[in-house]
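Listed below, chain by chain, are the residues.
There are 2 protein chains.
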Amino acid sequence: MATFKVVFLPYNREVTMREGETLIRAAMEAGVHINASCGGEGVCGKCRVIIESGAVKDGITEKLSAEDLEKGYRLACRSVICGDVTVRIPIESEVDASVLKLQFTGRKTAHIIQPDFGALKEQGLFIPPVEKRYLELPEPTAQDNMPDTTRLVGFLKLHHDEHRLAVSLPVIRKLPDTLRADHFRVTATLVRPVQSGRKSNIIHIEPGDTSDRNFAIALDIGTTTIYGEVIDLKSGEVLSAAADFNDQISYGEDVITRIVFAEKPGGLEKLNAVVLETINRVIGKIIRRARVGREEISSITLAGNTTMTQLFLKVEPRYIRRSPYVPAATLYPPINAVSLGLDLGDHVEALVYPQISSYVGGDIVAGVMGSGIYRADELTLFMDIGTNAEIVIGNRDWLACAACSAGPAFEGGGVQFGMRATKGAIEDFSIHPRTFEPMNVTIGSVRPKGICGSGLIIMVATLFEIGIVDSKGKYNRDLETSRIRETDGVWEYVVAWQADTQIDRDIVLTEIDIENLMRAKAAIYSGCQTLLDEVGLDISMIEQIILAGGFGSYIDLEKAMTIGLLPEIDPERVTFVGNSSLMGARMSALTNRIRLDVAEVIQRMTNFELSETPSYMDHYVAALFLPHTDMDNFPRLKARLENRNKI
Amino acid sequence: MATFKVVFLPYNREVTMREGETLIRAAMEAGVHINASCGGEGVCGKCRVIIESGAVKDGITEKLSAEDLEKGYRLACRSVICGDVTVRIPIESEVDASVLKLQFTGRKTAHIIQPDFGALKEQGLFIPPVEKRYLELPEPTAQDNMPDTTRLVGFLKLHHDEHRLAVSLPVIRKLPDTLRADHFRVTATLVRPVQSGRKSNIIHIEPGDTSDRNFAIALDIGTTTIYGEVIDLKSGEVLSAAADFNDQISYGEDVITRIVFAEKPGGLEKLNAVVLETINRVIGKIIRRARVGREEISSITLAGNTTMTQLFLKVEPRYIRRSPYVPAATLYPPINAVSLGLDLGDHVEALVYPQISSYVGGDIVAGVMGSGIYRADELTLFMDIGTNAEIVIGNRDWLACAACSAGPAFEGGGVQFGMRATKGAIEDFSIHPRTFEPMNVTIGSVRPKGICGSGLIIMVATLFEIGIVDSKGKYNRDLETSRIRETDGVWEYVVAWQADTQIDRDIVLTEIDIENLMRAKAAIYSGCQTLLDEVGLDISMIEQIILAGGFGSYIDLEKAMTIGLLPEIDPERVTFVGNSSLMGARMSALTNRIRLDVAEVIQRMTNFELSETPSYMDHYVAALFLPHTDMDNFPRLKARLENRNKI
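Protein chains in written order, with this note's numbering: chain L, 385 to 1031; chain Y, 385 to 1031.
Same shape as in the complex, but just chain L:
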């Protein structure tokens, strides 16, 4: 897709935007404030800008007079970029002009990285776990009447250098007729051992040559959503993908309520059955979309958190939620897929990612494997943020992990107008440092209904950096604006007046909301500090950050550092890996190297129960500030704040 340059005057800021984006989003990206209340729907008419050169599509509403149009005015929120363009933000007062000297951080999200199959091959890490071999065996004669398996195994030994082979009973059962179906021309499916020197298993035998059709499934068993992919094991390509809500949702929103349900008579069996229904539905979808036969799937790799994994494997989860929080197992052996209830061929073995602890599960381990942190030279922080934020810190030499009870703030919970990141949620925000007028951008560019997690981070960070909120999360009560007010004893900032919303009420951000966000970010940041403390390192030493999970892609990195959610590092050193659980499952389907490494990784990955780690509470209390009591770890922010104070 084409990209164009957008220059904002008089700030002289330039950003590159993709064709079709709006000017208001370009302004956000550039860190340029434009008043905008209605989220981008075009109804408030405040986001007036002048097109100086180049052109945009649309941007014209009844809010602009003929005269305005003549002068080049457009509404930024409705102006669609279709070429290089220079835009002037009208300066209508001295107040506006004074802002010119202030530096804002432009919006910056993490680079998206995805593992590259080619690179895997180049690095010599590509050891396909399942391979097919087409064989033209000599037909038996009176002089050569060795048993069928001996013929098969012997031929593989002689002509394919396969010296350690085991044959399973189902294959032996099929072998006599399959060999004779097409004159002893067959395709054998071999599962490679994880450790070299072990035996390869012949798990499947088909008449004729089917060696070019060899596929795997990767699956992420999420508490909410189950994602699946069909992978071509010859090319390494993802042929299809699909997702579906985990049917277990009817029995509880989160893992704790699921475990409670599982403890009822028949509860475990019920949850096991419904997750299998969902998984089999996803499998059905992806194999249809990929146009592969069910029998052509040779392996399946799954990752999920500890509770999801135990429910999938029908392993009693009750002790996960009871102190001292003991999961059943770390490593699970490969298990026949059919015996687990998966709707696949009976030759397929299911590989399940191992768990570290009750709250650092296979999804995180898959993330660690998929993201490559365990092979990193740099001291790396891996985070998957949700209700529980799981963090892993380390590099090729050591790894430590913990689950932080972040609470639901990032998912819109515990925030008065918090909401999930769906249409109408304010996801981007700026504020005029003198008028305190907001720039709201919503998902779907409609009038706002509430504030989503990423919007909340931006909002609090911006209010703090402008000086409207202090480091304790309290509003400056002395500012001359009607937007900051006390309602029923609680101070709040009016993000959008009733008229500009869809909900017939003012949308506000209260000090209680800010406190909840601060608790959430403090839980994570102090978790990182505690892990580092335990190994004698300091948070300032972190050299790169890998964000995982859907939330990670929306986080404005500078803002996340401003509130002290992320340690302050060069945003270029932050990457986003998306659904790392699925990515890890895919990697594991593609190369045995990952399966070999994972056993070693879980050995050296030290889990910390933060509640049992004495230093955690001190770190937590110190982190209950914006960004933190210790500003020395936030030098860039410190400089900006000092600069602000000078102006």
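In case anyone wonders, no lab produced these hints; they're calculated from the structure.
Among the hints, a few may not be true.
Derived lysine to any residue pairs resembling SDA-like cross-links, with alpha carbons at most 20 Å apart [unchecked claim]:
no.	chain 1	residue 1	chain 2	residue 2
1	Y	LYS583	L	PHE501
2	Y	LYS583	L	ALA983
3	L	LYS541	L	PHE501
4	Y	LYS1022	Y	SER999
5	L	LYS583	Y	ARG576
6	Y	LYS583	L	ARG582
7	L	LYS648	Y	ALA565
8	L	LYS618	L	PHE501
9	Y	LYS698	L	THR534
10	Y	LYS856	Y	ALA883
Keep in mind it's a predicted model, so treat the numbers as computed, not measured.
Using the hints, position chain Y against chain L.
Relative to chain L, chain Y alone:
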């Protein structure tokens, strides 16, 4: 049981007999002829002997007059030995007296040997394949909340020196509740790897200490009969045994008719189901008799011929009976017993003995392992004689095997008055070298109904050694006796006149019967020669013989050598191991050493398809004589014949 000396005069032969045996059996054992037609029922009254000293019980019938009794006459067939006794065979003619100079071989069956668990231990061969470990694990705390499997595996590592362990999913499923059932005191069942350095599998977990209850089942899946045993894995003792007819018999007597049935639609499934019914019935019997719980059985080991093995495992057997006679597999992996349909705990793995070829199956491999031929210094011949006689020749350095189509002569088939070895079958026989009167001894000491296999061997050997039958198996037509006659163009010997039988007919042995026996023994002997030929050795080099199968225990060794069924060696070097298939299964249940060795044994065991081995037919034709065209391999017989001719 007490034994007594019996001395026969005037031959001056002494034998030691067990209390309760009859004098006629003692005479057989001593190689002393007494006329006796009625098999031991006491009705013909011919077996008159005089008790010179000592005493017998019974032996008195209306066939003896008061005067006879006075003189010490008794009927040998009804006289029960109850002390040392000297018996005189009355010499009533010169004919009788002339016999004194002739030497007969006394009856001699093979020594019975059984493997000794103590010896196994002493030889360092005892590596129990399944062990139980009682563990008192520390209970988890907030500081020590590792996953349950990690706790179990870690404890075994630390306190029991178990460093390579795998845990199966069923155990993981049981683990959380089992650990907490008795304060983390549990008993773990470990299956040892066959090869050292591999992982032990934790297959079962029970609360509390059950380590003194650990049992295995050994099973022989015979075509006709299924034998089972419960073995105490702590003591090595066989706690119980039982046998039952294989229900498959309703679908065919032998393996070929079973395969034919299996080829019908649903036939394989049916035969699989009925053999499982029989096996489960036997399992039920033996665990009841042993007073062990079904859950206390930790392993099962099975051996059967190739067809029985494939039917048990539901593996298509059709190619076994079709040229070029290809079985499905040699080695089968360990297989979950429940998945095979065995009525055992779901933690039990079934171990099935490997096959060599379509007609040298797991029963023979089990025999090789159980009898120890693969570890023998001596050049050993192992034989299991039935319709198919399987032979294995070799020692610790090499092994060769073949199946010989012996036909049913040894089971009474193809012989006019042949019958199975049941009540009324003539099982022992002698003949007066001048009068040609027989001494018949039947199973159950009743009037004869027919001739069983072992009786047939003795009969033909005796007739040949006396000179009544020549080396071509033809009767001497010139003898003055009504017992040798021509009926419908076929020459025959009347073994028992109609009056002395149960069947209202004369029981005869025809030249056709003799020819059939000669074919059978020639097939086996020439099989041995062919194997030895192929490795450049000669049959005279055989140093010991191991007989297996029920038939082996009844064979009169000297007589078997006389007809050329067995190569002529010192009878002391012939041993009988009984049901070697069951013995091999038991050994395999007791020590992994056998399972380790068997993989190597089947590698170096060369199978010969005799019909495809060019020298076989020459050897076979040369063996169609009594004992053989080449008398040089029968020096003892040659000497006896030369001696006979001198007299």
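Hints and how they fare:
1. Y:LYS583 <-> L:PHE501: 33 Å, violated
2. Y:LYS583 <-> L:ALA983: 15 Å, holds
3. L:LYS541 <-> L:PHE501: 29 Å, violated
4. Y:LYS1022 <-> Y:SER999: Answer violated: Y:LYS1022 to Y:SER999 is near 26 Å, above 20 Å.
5. L:LYS583 <-> Y:ARG576: 17 Å, holds
6. Y:LYS583 <-> L:ARG582: 11 Å, holds
7. L:LYS648 <-> Y:ALA565: 19 Å, holds
8. L:LYS618 <-> L:PHE501: 11 Å, holds
9. Y:LYS698 <-> L:THR534: Given pair Y:LYS698, L:THR534 holds - Cα atoms ~19 Å apart, limit 20 Å.
10. Y:LYS856 <-> Y:ALA883: The hint is violated at about 31 Å.
Checked against the numbered hints above, the structure breaks hints 1, 3, 4 and 10 and satisfies the rest.
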